[in-house]
Structures are given as structure tokens and as C-alpha cells.
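Listed below are the residues making up each chain.
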Amino acid sequence: MNNALIIGQYVPGESFVHRLDPRTKITVIFFFVFIVFLANSVISYSVLIVFALASMFTTRIQIRYILKGLTPVWFLIVFTFLLHLIVTNKGTVLIDIFGFSIYSGALIQGFAISIRFFLLILVTSLLTLTTTPIEITDAIEDMLHPLKRIRFPVHELALMMSISLRFIPTLMQETDKISKAQASRGVDFRTGPLRDRVKAVVPLLVPLFVSAFKRAEELAMAMEARGYQGGEGRTKLRELILGKRDYMVFILFIIVTALLFLTRNY
Amino acid sequence: MRNKIVEFRNVSFRYGEEQPWVLKNCSFEIYENEAIAIIGHNGSGKSTIAKLMNGLLFPQEGEIIINNRPVTQDSIWEIRKDVGMVFQNPDNQFVGTTVQDDVAFGMENRGIERDEMVRRINDTLSAVGMQEYRLTEPHKLSGGQKQRVAIASVLAIFPQVLILDEATAMLDPRGRTEIMKTVTNVQEKRNLSLITITHDLQEVVEAERVIVMNAGEVWDEAAPRDIFAKKAELRKIGLDIPFVAALSDELWKAGVPINNEALNHEELLEELWISHSIT
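In order, the protein sequences belong to chains A and B. Residues -7 to 258 in my numbering are what the first sequence spells out, letter by letter. Residues 35 to 313 in my numbering are what the second sequence spells out, letter by letter.
Because the hints were derived from the structure by calculation, they are not lab data. You may find that some hints are simply not true.
As the list claims (entries may be wrong) - So, partial list: chain B residues that the calculated Cβ filter (under 8 Å) puts toward chain A:
| hint | residue |
| --- | --- |
| 1 | Leu90 |
| 2 | Trp111 |
| 3 | Lys115 |
| 4 | Gly130 |
| 5 | Gln134 |
| 6 | Asp135 |
| 7 | Ala138 |
| 8 | Met151 |
| 9 | Arg153 |
| 10 | Asn156 |
| 11 | His173 |
| 12 | Ser176 |
| 13 | Gly177 |
To be verified - Reference listing, derived: stretches of chain A covered by chain B, where coverage requires no fewer than 3 residues with Cβ under 8 Å from a Cβ of chain B:
| hint | region |
| --- | --- |
| 14 | 34 to 46 |
| 15 | 108 to 115 |
| 16 | 179 to 188 |
| 17 | 227 to 240 |
Quick reminder that beta carbons are idealized off the backbone N, C-alpha and C, glycines included.
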């Protein structure tokens, strides 16, 4: 039960990466996604790989755990690799099987694309592994702040996100309770043909929705009673402060980017 | 003479034009530092009174005055600073992702500086005995603990009136005593009027004055002891007498010479000792 209540895949920790400002992490990852596409040589790829692996090791999360989180993606990586192998026809023919020719260019291309893919997913998953959802919400609210000028409801969006995060465990506990209550009344969730099992979800969802609406109404009333009147003039308890280590990371990332540009085409 | 803090002047309320009146011409006053209980069975209008007091609803007729300020659309934000409310469902009033975030919510709404917030969080959480749960998430707390956090978050804005709207109704007996203890403790230390809205007569015992609601009208207004003297009438309007009061009544009927209305176990015991030593 408790295990299922962990939202996302956050692994608590005190590592350097954990303690970075979430805005730093989001910014670096955002730009990393772009520079991955700039690499085009063995050395430039190595620069990226070294950066990604180094970040991975500094999180101090078990490598096995990180890789396990990537399992659904392995299939995609292998699939793209094979696709490139079949479709690309550059370079010399390496092997010829049943009329399919595998070219040397295809092999290189396939490798390059798979590595890109792997790096992208590894680095983005490091964000969710080392940052709590609420930190990410705070960071997003802060970074989208300029959009307020064009009347984009930044504060409302962030509040919605944080309330949903707060209610996920509550609703999960409730789902558990309702499913037990319905099971005791003879609803069978586990056996029978698929169609029946899908149908069995209805008596689960209807009470859940009804209670969610009731909760929403009561929560709105409670928030109003506690003086909530929108984002205007609000102060915040949770603060984001850029520290020394954040500047260090920015500088490091600029160096990595510069190195990448220098080693392109080599 | 104590100052009036809440005053209802001939208040009538209904939820819609076609709906029946929920409150009919209600008038009463509540004073500074007073502990009041409002009781009544379901649908007697007691929860509506709570919502009217901090401007979640507005009366169709009559006037409500809080701290010398009539409750109107323009004054509600000021009034909500003076009147704090704890609702029935512990889950549906917990806004923050952790205990300290929840206590901060009301203060954030009022633009209080961060340093001040941190100080008040520590103060109020220790007042309700929850300081070691500062970083705990709501789903790891019991109902009673959540309600204590709700009380802390109300106290953090220094209200003059604290309304508990059936705040113990969804708790187990232990959570209930937890809350009652916390509340009495807090009320002694801070200057605030306490309004307990309940249908559980046991909680009324602690109050200085009881307002009994029936079918939208103020049925009676008196000290708990005097209220419990009217057992037959209370039963008629759907309220249960606390066990001890019922027991002493039965004892009296059975010929045990006890003369005072006992409100709790100690008082009843005392009465029995007295009657025992006389006979």
C-alpha cells in the first residue's frame, strides 16, 4: 500500500543533484535536449555521454534502480536502432541477408540515434528521480512567471497542480476502500472475461467521482474561509534560492556546451 | 462587562427563493472569550449559522455583526481574519502538501512575510502538539491529527473567534478527546471566543452557554446544566442526553436522593458519595 503511494519516481536523497534548485535542473535539461542534436562525431558524443553519466553518478541513486525505470524505453531504443538499420542505405554493404542489405552507414546512424535517445531519456528521468513533484511545480510557477503579463494563469495552474498532488494519495486510499466495499457486495474485479472486468470498473468510478466532486466543493469552501482570494498579494512559504552550487552547475554546463561545439565534426 | 463579538439581529436565511427557510428570525449574541456551544439535530440550521458568521453565506433578512462590523460583500476579507473555522471533514480542508504548507496557506493568502510565517508555524504547531509532524504529508496523519493541524492553521492568523463546525463528527473517540483537549488548552492561552457546533451533547458540557437550535429557530439559550434539566423536551426535538445526565435522572427516579444535575462522571460520583453519607 505504502509503496504504491509514492508519486512519480522520486528517490529521497541528499546528493548534490538533489539539493540543486529545481529551476537549475529544469533549465539545464531543457538545453541539454537541444545540444544532444548537435553532436555528430565520436568525441562530441563522448562529451555528452560523460556529462550524462557523471550526473547520474552524482545523484547517488542505485544505477540498477535508474536503469529499471528506463525499461519501457529499451524497446523503443532497440526498435529505432533496427529501423535505421533496415531503412538507411549509406556507405558500404556489410552483410546481405535474404535480400536485405545492411550498410555500414546504417549501423553508425542507428547507433548514433539510439545513443541520443538513451541520453535524452536518462537525463530527463534524473530530474524526476531527484526532484519532488511539488518542487517541480514551484519551479514551473516561478519560471512561467513572465507569462503573467499576457494574463496566463500561472498561479492558478501551479495551485491546481499542487492540490492534485496532495489529493492523489487521498483518492488512491479512497479507491482502495470503494473497491473493497464493492467487492464485499459481490463485484468481481479480478476474474472473468475482459469485458466483464471493464464493466466492473463502473461501480468503482462512479462513487469515486461523486466523492471527488464533493471534496472539491468542500475544499473550495475551506479555502475561501481561510482567506484565499487568488494569487494577488500572496506570499510564499516555500522559497527557491539559487545557491553557489547552482552557479557552478551553470558554468559547468556552459563548458560542456563549448566543448561540444569544439569537438563537432572531429 | 464583556464586549460583544458576534451579534445576530433577526437573521433569516434560505438557500433559494423556492426553498424553505433554514433560519427563521434568529437573534443572539456571543461575547469575547466566551465558550459557546450551538446544538441541534441535522437540518436545524446550526451549520448555516457558522457559514453566515464568516461570510460564506449572506442572510436574506436581518444583520450579522462581527467585531462591530456588519458582514457584507465588502467586509468579508476583514471578517475572515477575525473568524476562523474548522470544518467537519479532516481531508477536505487540508490544502497543503505537508503539515507546514497547510498551516502556511492561510498566512500566504494574507501576504504575511516568510520569517513571520515560519515563527507562527512553530508556535501554532506546538500549541496543538504537532510540531514533530511539520514535514509530514496529510495521508500519513490520522483524522484527529489532521483536525489539530486545521486548528493550528486557523490559530496562525490570530482570530478572535474560532468556530468548530462539527469538527469532531468524523473522528473516533480518541481523536475526539484529542481535539477537545487541544481546543480547551488553546482557548485558555489565547483570547478567543470558541463556538462549538455539534449534535453531540457530550461536547456541550464544557461550554459556558448553550444555544439550542430547532427547525431554524433559537429554541433555548442557557447554561449546560439548565439545558440538561429539560430532558424530555430535548428528546422531543431529537437530541440525545449525555449518558451521565440520563443515568442521574434514572437514579433520581429510582429513589436515590441526589439533588444536583450531574454533568460528568466526577460530579455524579460526588453526588452519590454525598447521598451515601447522608443515608
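How the hints compare with the structure:
no., hint, result
1, Leu90, "holds (6 Å)"
2, Trp111, "holds (7 Å)"
3, Lys115, "holds (7 Å)"
4, Gly130, "holds (7 Å)"
5, Gln134, "holds (7 Å)"
6, Asp135, "holds (6 Å)"
7, Ala138, "holds (4 Å)"
8, Met151, "holds (5 Å)"
9, Arg153, "violated (12 Å)"
10, Asn156, "violated (12 Å)"
11, His173, "holds (4 Å)"
12, Ser176, "violated (13 Å)"
13, Gly177, "violated (12 Å)"
14, 34 to 46, "violated (count 0)"
15, 108 to 115, "violated (count 0)"
16, 179 to 188, "violated (count 0)"
17, 227 to 240, "holds (count 5)"
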